[in-house]
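Enquirer: Listed here are the chains, written in short residue letters.
Protein chains: 2
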Amino acid sequence: MSGQRPGEVALGFDPATRVEAGLTYIGRIRSSWSKGDCPKNIRQARETGQAGRIELDSAYTPALTGLEVGQAVQLLYWVDRGDRDLIVQSPAHADGPSGTFALRSPVRPNPIALATVVITGIEGAVVEIDAIDCFDGTPLLDIKPWLATVDAPPGWRAED
Amino acid sequence: MSGQRPGEVALGFDPATRVEAGLTYIGRIRSSWSKGDCPKNIRQARETGQAGRIELDSAYTPALTGLEVGQAVQLLYWVDRGDRDLIVQSPAHADGPSGTFALRSPVRPNPIALATVVITGIEGAVVEIDAIDCFDGTPLLDIKPWLATVDAPPGWRAED
Numbered sequence: 018m019s020g021q022r023p024g025e026v027a028l029g030f031d032p033a034t035r036v037e038a039g040l041t042y043i044g045r046i047r048s049s050w051s052k053g054d055c056p057k058n059i060r061q062a063r064e065t066g067q068a069g070r071i072e073l074d075s076a077y078t079p080a081l082t083g084l085e086v087g088q089a090v091q092l093l094y095w096v097d098r099g100d101r102d103l104i105v106q107s108p109a110h111a112d113g114p115s116g117t118f119a120l121r122s123p124v125r126p127n128p129i130a131l132a133t134v135v136i137t138g139i140e141g142a143v144v145e146i147d148a149i150d151c152f153d154g155t156p157l158l159d160i161k162p163w164l165a166t167v168d169a170p171p172g173w174r175a176e177d
Numbered sequence: 018m019s020g021q022r023p024g025e026v027a028l029g030f031d032p033a034t035r036v037e038a039g040l041t042y043i044g045r046i047r048s049s050w051s052k053g054d055c056p057k058n059i060r061q062a063r064e065t066g067q068a069g070r071i072e073l074d075s076a077y078t079p080a081l082t083g084l085e086v087g088q089a090v091q092l093l094y095w096v097d098r099g100d101r102d103l104i105v106q107s108p109a110h111a112d113g114p115s116g117t118f119a120l121r122s123p124v125r126p127n128p129i130a131l132a133t134v135v136i137t138g139i140e141g142a143v144v145e146i147d148a149i150d151c152f153d154g155t156p157l158l159d160i161k162p163w164l165a166t167v168d169a170p171p172g173w174r175a176e177d
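Quick mapping for you: the protein sequence lines, in order, are chains A and B. Adding 17 to a residue's 1-based position in the first sequence gives its number in our numbering. Adding 17 to a residue's 1-based position in the second sequence gives its number in our numbering.
Keep in mind that a hint or two might mislead.
The list cannot tell twin chains apart, which means a pair is met if one copy fits it or any two copies do.
Said to hold, decoys possible - Dumping the calculated SDA-like pairs for lysine to any residue here, alpha-carbon to alpha-carbon at most 25 Å:
1) K57 to P162
2) K57 to E85
3) K57 to T34
4) K57 to W163
5) K57 to R35
6) K57 to A38
7) K52 to T65
What the hints contain is simulated information worked out from the structure, not anything from laboratory work.
Produce the complete structure using the sequences and hints provided.
Expert: As structure tokens, this is what we get:
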């Protein structure tokens, strides 16, 4: 692993060497972002006004049946450009160290990112989305419908 | 793969044989559920009143730093007890076939399940949670804080 900031803690092993299950890529996410200009989260990405796009492997096109324009979906994608062994981290924008499971950092034992986006178009194997917060070409793992009854915490109310 | 229901569509290959990235298990989910009595989603699980528990591998305990009782978190867990090659499915409780990406079925190319739960206790490597919808012993992949600004769809308001 790379150098640690003060207060950071690493595991004594690299999770990447302890593989217990295998993932396949179902397509790629296309975005406007590369190293150095990528929004830190989907809210920031949405504020840029830049849209995104999913290019599914065409074998999976029938799996989109039933999804609709305007619908919110959750994307899972693979962001393994960093270390996987930091369990306490000090992100550059944070006040101090936090546990990895209290952060949304891409540095985590299984570097799966999660974003809730809105479908703005579907044509064949291409799904247009309102925004995304990852590098162009990021491997996609899954698309799930966002369901208020399941995905909002119990009792949660929007405040704004 | 196993037998298909009317209207179901399978890929011409098994995604489990096309491994492009590797997952490690960070712990196990303990629940009251086994085959035959497992709630279909986290809402149904919550309605049973049965709580759940995360037993982290102790190496990851420092990664919980900063999480608090009462906080909502998203769990990612590995539910590969079924086929991975069905791209159009007819779940037993549904009216007809739907694309896999329009469903929350555990049968999907990458069988990662996602649930938003509330932390009810933390002690060492054990995290008590209000409910969970998977079999006892299910491998855990990740814990992420639920953030309204990031995880609720833009413009979404709770209706109930």
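Enquirer: Now tell me if each hint is right for this structure.
Expert: Right, here's what the structure says about each hint:
For the identical chains of this complex, K57 and P162 are neighbours both inside a copy (23 Å) and across copies (15 Å), given an alpha-carbon limit of 25 Å. In the homo-oligomer, the alpha carbons of K57 and E85 lie at most 25 Å apart only across protomers (23 Å), although the nearest pairing inside one protomer, at 27 Å, exceeds that limit. When the C-alpha separation of K57 and T34 is checked against a cutoff of 25 Å, the pair qualifies neither within a copy, at 27 Å, nor between copies, at 33 Å. Proximity of K57 and W163 under a CA criterion of 25 Å is satisfied in both settings, with 21 Å inside one chain copy and 16 Å between copies.
Proximity of K57 and R35 under a CA criterion of 25 Å is satisfied in neither setting, with 28 Å inside one chain copy and 30 Å between copies. For the homomeric pair K57 and A38, the shortest alpha-carbon distance between copies (23 Å) is at most 25 Å, but the shortest distance inside one copy (28 Å) is not. When the C-alpha separation of K52 and T65 is checked against a cutoff of 25 Å, the pair qualifies only within one copy, where the shortest distance is 16 Å, while the shortest distance between copies is 46 Å.
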